[in-house]
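Assemble the dimeric complex from its two separately framed chains, guided by the hints.
The residues making up each chain are set out below.
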Amino acid sequence: GAVVSQHPSRVICKSGTSVKIECRSLDFQATTMFWYRQFPKQSLMLMATSNEGSKATYEQGVEKDKFLINHASLTLSTLTVTSAHPEDSSFYICSAREAGGGYGYTFGSGTRLTVV
Amino acid sequence: ELKVEQNPLFLSMQEGKNYTIYCNYSTTSDRLYWYRQDPGKSLESLFVLLSNGAVKQEGRLMASLDTKARLSTLHITAAVHDLSATYFCAVEAYNNDMRFGAGTRLTVKP
Numbered sequence: 260g261a262v263v264s265q266h267p268s269r270v271i272c273k274s275g276t277s278v279k280i281e282c283r284s285l286d287f288q289a290t291t292m293f294w295y296r297q298f299p300k301q302s303l304m305l306m307a308t309s310n311e312g313s314k315a316t317y318e319q320g321v322e323k324d325k326f327l328i329n330h331a332s333l334t335l336s337t338l339t340v341t342s343a344h345p346e347d348s349s350f351y352i353c354s355a356r357e358a359g360g361g362y363g364y365t366f367g368s369g370t371r372l373t374v375v
Numbered sequence: 002e003l004k005v006e007q008n009p010l011f012l013s014m015q016e017g018k019n020y021t022i023y024c025n026y027s028t029t030s031d032r033l034y035w036y037r038q039d040p041g042k043s044l045e046s047l048f049v050l051l052s053n054g055a056v057k058q059e060g061r062l063m064a065s066l067d068t069k070a071r072l073s074t075l076h077i078t079a080a081v082h083d084l085s086a087t088y089f090c091a092v093e094a095y096n097n098d099m100r101f102g103a104g105t106r107l108t109v110k111p
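Going down the list, the sequences are from chains A and B. Take 260 as the starting number for the first sequence in this note's numbering and just add one per residue. Take 2 as the starting number for the second sequence in this note's numbering and just add one per residue.
Just so you know, these hints were derived from the structure itself, not from any lab. Values in this document were obtained by computation on a predicted structure and should not be read as measured data. In this text, a Cβ means the ideal position worked out from N, Cα and C, and glycines have one as well. Any given hint could turn out to be false.
[As the list claims (entries may be wrong)] Chain B residues, not near chain A, derived (Cβ > 10 Å throughout):
id, residue
1, Q15
2, Y20
3, S43
4, S46
5, V49
6, E59
7, G60
8, L62
9, T68
10, A79
11, L84
12, Y95
13, N96
14, M99
15, G104
16, R106
[What the hints assert, rightly or not] So the derived label-pair ranges between C-beta atoms look like this:
id, chain 1, residue 1, chain 2, residue 2, range
17, B, P40, A, S264, 17 to 25 Å
18, B, S52, A, T276, 26 to 34 Å
19, B, F11, A, K325, 47 to 55 Å
20, A, E322, B, N8, 29 to 37 Å
21, B, L72, A, I271, 16 to 24 Å
22, B, N96, A, N329, 18 to 26 Å
23, A, H344, B, E16, 37 to 45 Å
24, B, P40, A, H266, 14 to 22 Å
25, A, E322, B, N96, 18 to 26 Å
26, A, H266, B, E6, 43 to 51 Å
In isolation and in its complexed conformation, chain B is listed as follows (with noise of 0.2 Å):
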């Protein structure tokens, strides 16, 4: 069974830092995908991943894929209040539904 790992599962952070949230999956997959989900509404996609070294920026969120390692990563550069939000990254599994993982509460602070 496909699981998918998420970490931190809360973070907190000040205006202007720096932060990376990581994403591990259990089994073979080429495809990942990350989600921001503000409260009380569904989800927005923000990248999808579909190759080992995959790189991709929107902004201030960076995500990058290494499915050798079965990782994910999705950077935050420079924080700002506008990104807090949860993020949920989801891998695709063989029969193509989505696993997703348990997510991030991502807040910042001024």
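Isolated chain A (complex conformation) (with noise of 0.2 Å):
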């Protein structure tokens, strides 16, 4: 089946450096990724769509200098968190569907950010 492959899953960074988290779509190629955030205890919440190609589009809230995402290719979605603080540790997950249609969304391992 489709594999979503996401990188690192666990970060350790200090206040005010960046970090980038990889997602790849391993089998297929993804026009469309989705990049998730999950707190503890609690769902998960759409932070931005991916588009290949084109700028990604953020949900109302998410700040976009902050949380800059890139999608250069058909297999390959970034998500870089740049001046992180404290508040931003979370757990991120990414999720593709493979292009050309299908309905079944892959999601990432996930990445669990901590930031000190």
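This is the structure:
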């Protein structure tokens, strides 16, 4: 089946630094990928929709300049958390759906970000 | 805006009992998903429901969809401890993104 690889699985960074999270579709092409954030014991909140070759669409309240999304190819989207602060600590999950149709979303394994 | 309401949020069951989790959504959608999440892990796909009246079963879990009522249910039959997890329903919005319910944290006790 479809596989989405997300790296790193865990990262600890200092306040003020930037962290990049990668999301790769391994065996299919994804024109659209989605980035979610999940705080402890809460649901997944959509942050942005990443579109290959164009700008990402951000949800209301998500800072575009803080959460930079790049979808440079049909198999790779990256989320960069810039100038991270402790309140950015969260579980970040990406998902992708195969280009050209299909109805299944495949989720990455998630990235646990801790900002100290 | 598409809203997804899931209940109950917490469910403590004894092994062998049956129970149902409910998922209501606010706008028309033909695609509803159920996921399982274990602590510290990502989402595991359980069911994809694509049409009114769809029913799918896997082991002790059965999911159904009523698009007219905008309601999906996840029924648990004869619960076992291994089913302890958080279950999310998610509805696909018009622009193909997904909105999640708040999740149901299920604990199955011996």
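Status of each hint after checking the structure:
1. Q15: 23 Å, holds
2. Y20: 20 Å, holds
3. S43: At roughly 4 Å from the nearest Cβ of chain A, B/S43 sits no farther out than 10 Å, so the non-interface label is violated.
4. S46: 7 Å, violated
5. V49: 6 Å, violated
6. E59: 15 Å, holds
7. G60: Correct as stated: the minimum Cβ-Cβ distance to chain A is 18 Å, above 10 Å.
8. L62: 18 Å, holds
9. T68: For B/T68, whose nearest Cβ neighbour in chain A is about 15 Å away, the distance exceeds 10 Å, so it holds.
10. A79: Per Cβ check, B/A79 is outside 10 Å of chain A; nearest 27 Å; holds.
11. L84: 19 Å, holds
12. Y95: 12 Å, holds
13. N96: Given that some Cβ of chain A is not farther than 10 Å from that of B/N96, nearest at about 7 Å, it is violated.
14. M99: 6 Å, violated
15. G104: About 5 Å separates B/G104 from the closest Cβ of chain A, which leaves it inside 10 Å; violated.
16. R106: Violated, because the least Cβ-Cβ distance between B/R106 and chain A comes to about 8 Å, which does not exceed 10 Å.
17. B/P40 x A/S264: 17 to 25 Å: Once the Cβ atoms are compared, 21 Å apart, the range 17 to 25 Å for A/S264 and B/P40 holds.
18. B/S52 x A/T276: 26 to 34 Å: 48 Å, violated
19. B/F11 x A/K325: 47 to 55 Å: 33 Å Cβ-Cβ, so the 47 to 55 Å window is violated.
20. A/E322 x B/N8: 29 to 37 Å: 32 Å, holds
21. B/L72 x A/I271: 16 to 24 Å: 42 Å, violated
22. B/N96 x A/N329: 18 to 26 Å: 20 Å, holds
23. A/H344 x B/E16: 37 to 45 Å: Hint holds: Cβ distance 44 Å, inside 37 to 45 Å.
24. B/P40 x A/H266: 14 to 22 Å: Distance hint for B/P40, A/H266 holds at roughly 21 Å.
25. A/E322 x B/N96: 18 to 26 Å: Between A/E322 and B/N96, where Cβ atoms are some 21 Å apart, the hint holds.
26. A/H266 x B/E6: 43 to 51 Å: Violated: the Cβ-Cβ distance is about 34 Å, outside 43 to 51 Å.
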